[in-house]
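Q: Residue strings, one per chain:
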Amino acid sequence: MEQMEWQEKLRALSAGELTPDEAAKVLREAAESETKQAELQFSQKLTTVLKERDLFEVKGIVAGLIMEEGLPTAEPSSWLGKLGLNWILGLSLFLLLGTGVFFIGKRMAWWAIDPQALAQQYLQPMENVIYLEDNEAPAIEDLRQGMAAYDQQNYRKAAQYLKSYYAQVQDGNAGLFLAISHLMEGETDQATPILLNGLQRPGPIQEASRWYLALAYLQRADTQAAINTLEAIPASSIYGPEAQELLESLK
Amino acid sequence: MLVKEKGLMEFTPQEILSGLLEKRTDVFRYLYKAYGPMIAGYIRKNSGTEEDVTEMIQVVILELWIAVRDGRYEEEGKLGQYIYQLTSNTWRDELRKRRNRPQQSLSDRDLQLEDETEENLTSAIVKDRYLNAVHEAMGQLGEVCRDIIQMYHLQKIRLQEIAERLEYDYDNLRKRIFDCRKKLKQLTENILAKNSEGV
Chain A
15 MEQMEWQEKL RALSAGELTP DEAAKVLREA AESETKQAEL QFSQKLTTVL
65 KERDLFEVKG IVAGLIMEEG LPTAEPSSWL GKLGLNWILG LSLFLLLGTG
115 VFFIGKRMAW WAIDPQALAQ QYLQPMENVI YLEDNEAPAI EDLRQGMAAY
165 DQQNYRKAAQ YLKSYYAQVQ DGNAGLFLAI SHLMEGETDQ ATPILLNGLQ
215 RPGPIQEASR WYLALAYLQR ADTQAAINTL EAIPASSIYG PEAQELLESL
265 K
Chain B
0 MLVKEKGLME FTPQEILSGL LEKRTDVFRY LYKAYGPMIA GYIRKNSGTE
50 EDVTEMIQVV ILELWIAVRD GRYEEEGKLG QYIYQLTSNT WRDELRKRRN
100 RPQQSLSDRD LQLEDETEEN LTSAIVKDRY LNAVHEAMGQ LGEVCRDIIQ
150 MYHLQKIRLQ EIAERLEYDY DNLRKRIFDC RKKLKQLTEN ILAKNSEGV
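Chains A and B, in that order, are what the protein sequence lines are.
Following our numbering, the numbering of the first sequence begins with 15 at its first residue and continues without gaps.
Following our numbering, the numbering of the second sequence begins with 0 at its first residue and continues without gaps.
Among these hints, one or two may not hold up.
Using 27 Å as the maximum straight-line C-alpha spacing, the simulated DSS-like pairs for lysine-lysine come out as follows [said to hold, decoys possible]:
#1 B:K181 / B:K193
#2 A:K65 / B:K174
#3 A:K39 / B:K96
#4 A:K39 / A:K50
#5 B:K96 / A:K73
Pulled a few chain A residues facing chain B out of the computed Cβ check, cut under 8 Å [said to hold, decoys possible]:
#6 R25
#7 L27
#8 T61
#9 V76
Reference excerpt, derived from the structure (chain B facing chain A, CB under 7 Å, subset only) [as the list claims (entries may be wrong)]:
#10 T24
#11 P36
#12 A39
#13 V52
#14 K77
#15 H134
#16 F177
#17 K184
In case anyone wonders, no lab produced these hints; they're calculated from the structure.
Note that beta-carbon positions come from the ideal geometry of N, C-alpha and C, so glycine has one too.
Chain B extracted, bound-state conformation:
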């Protein structure tokens, strides 16, 4: 079954899920065009401002992406219903929080998601020297190693699939992952040592 929307590129539900995992802009654009009006309509109807609409579209799409990434969303041909539910739940929670803290708007909170906000993660990284060093070491790692680690650690892509994508022999890829991780760890330790000297 294809998910159709007049004037938009067509994707199968499976393509949408894999496109989200691969962070494909065309898939995000499709979701934005196909479901953005529904989210916007819901927020406007329920006393949201234009600023709320902007923020809530981002929150809902991010929530959907996290649900797909963490395997919490299972495709049953009801993506529209899922997004609608996500919108109504998130907006209801937001309104409830505002009643408790009436002076704080959504933009003040800057897109806080339930348990994995960028703000929380960023502040954790800033506070934690080790995390900070890993972050810095990732920046120093070569692009290929960075991609491999990202795919292997986070995206739950099977090793066989990564090997096919990167045109590596399966055993070589395993060794490469091992080497990249080792290099990253070494870089992290160097940064930590250097920072300790500076203290």
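Isolated chain A (complex conformation):
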């Protein structure tokens, strides 16, 4: 019981809920006992880790929204501006209809694009580059089995093992292969959040996550989000040429 109360005080201290006097009292109490001091240290470290995980999650949400929704366009600056814009939009629509939107659309092949078919066409599993020797991470057996199944193109089994490994270790590389396995199985909803997390990691994981995220959006038939994501892939990236080609097919 006493331990629970001490824990509650530590939580309140780490969360910044105590007054300076109360905080000082808790720190004094901690200094008097080695066990309490150790608990305090653990509590502070835990708060830092939780904050990092929290921030990471929110960054993923916001980055995902920008990808899905695209950047906001400029707003008309005034009421008159809004009214004017509405007139221009109305007039443009009328002119478009009047001059034969059907023929324009046909020429641009608007309704010839099938995003899901394009996703299927471009989706290729990434080569297994995970080095397992000397890796003593916990649950390494899950990673080993998952990647073996991945190499055998048994993506359902791969996803099952990699999911277990990823939940324990949160290894970005494993996450990427997990997301790809989901995509190969058409499980877009499971793949998307993992890929959004991958965007927050630097280097090749981010690069690959962006490409596969675009394909995930296409699988969901969310063409605009796919276009926004593809546009963020630099031409110099290893996915650059394919991304450009896919963008041209979509536009």
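Since chain A is already given, all that's left is putting chain B on it; use the hints.
A: Using the frame of chain A, we list chain B on its own:
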């Protein structure tokens, strides 16, 4: 009072605050659609590029979320004004920093927030063996324990409310929190011990 925006879901200011704390995507989407154009407009008007717009929208929404989480934002029906102020202050600071370091763009700094950047936190975790072990142990903890610890430690959700959400008896929840924390500590110590053996 409802915060209205044509074509958007409506939320009361209180729903926005609680939605941010719960990291609800629909609330973030609402904020993005309702206030994103204002942020973008401000940055564009003040010599920002499209890349700056992307980065600043993220920074401002993250700053808002941190302010709500830390209790620095108090709802007085002026969310729009607050976001505008946040945008102008953050962009002004950014431009000032760029004048001092003209060769460095916003993307180079990769979304640094004032005192709690992901980069800083991540680098702290990498450098600190103990932090690293806690991080790894969190990954090994069961989902329920992870959620409980997250809610209890960080989100300032009252124990009674957590108990209601998870359908636990209040006293059982207290015991569960205690057990989860103990388990996490044990996992952390195991990882630290294992890592020391390897050194």
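Q: Indicate, hint by hint, whether the structure satisfies it.
A: Evaluation of the provided hints:
1. This hinted pair checks out: B:K181 and B:K193 have alpha carbons roughly 18 Å apart, not beyond 27 Å.
2. For the proposed pair A:K65 and B:K174, the alpha carbon gap of about 23 Å is at most 27 Å, so the pair holds.
3. For the suggested pair A:K39 and B:K96, the alpha carbons sit about 40 Å apart, so the restraint of at most 27 Å is broken.
4. Proximity of A:K39 to A:K50 is assessed by CA-CA distance (about 13 Å); at most 27 Å being required, the pair is judged to hold.
5. Simply put, B:K96 and A:K73 have alpha-carbon atoms about 23 Å apart, close enough for the 27 Å limit, and the pair holds.
6. For A:R25, the suggested interface contact is upheld, since its CB lies about 6 Å from the closest CB of chain B, less than 8 Å.
7. At its closest, the beta carbon of A:L27 sits 11 Å from a beta carbon of chain B; the interface hint therefore is violated under the 8 Å criterion.
8. The closest approach between the C-beta of A:T61 and any C-beta of chain B is roughly 6 Å, which is under the 8 Å cut-off, so the hint is satisfied.
9. The interface hint given for A:V76 holds, since its Cβ lies 5 Å from the closest Cβ of chain B, which is under the 8 Å cut-off.
10. With its C-beta approaching chain A no nearer than about 6 Å, B:T24 sits inside the 7 Å limit, and its interface hint holds.
11. At about 4 Å, the closest approach between the beta carbon of B:P36 and any beta carbon in chain A falls short of 7 Å, and the interface hint on this residue holds.
12. A cut of 7 Å between beta carbons decides the hint on B:A39: the least distance to chain A is about 4 Å, and the hint holds.
13. Checking B:V52 against chain A: minimum C-beta separation of about 6 Å stays under 7 Å; hint holds.
14. For B:K77, the suggested interface contact is broken, since its CB lies about 20 Å from the closest CB of chain A, more than 7 Å.
15. Because the beta carbon of B:H134 sits about 5 Å from the nearest beta carbon in chain A, less than 7 Å, this interface hint is met.
16. Checking B:F177 against chain A by beta carbon gives a least distance of about 5 Å; that is within 7 Å, so the hint holds.
17. With its C-beta approaching chain A no nearer than about 6 Å, B:K184 sits inside the 7 Å limit, and its interface hint holds.
Consistency note: the structure conflicts with the earlier hints numbered 3, 7 and 14.
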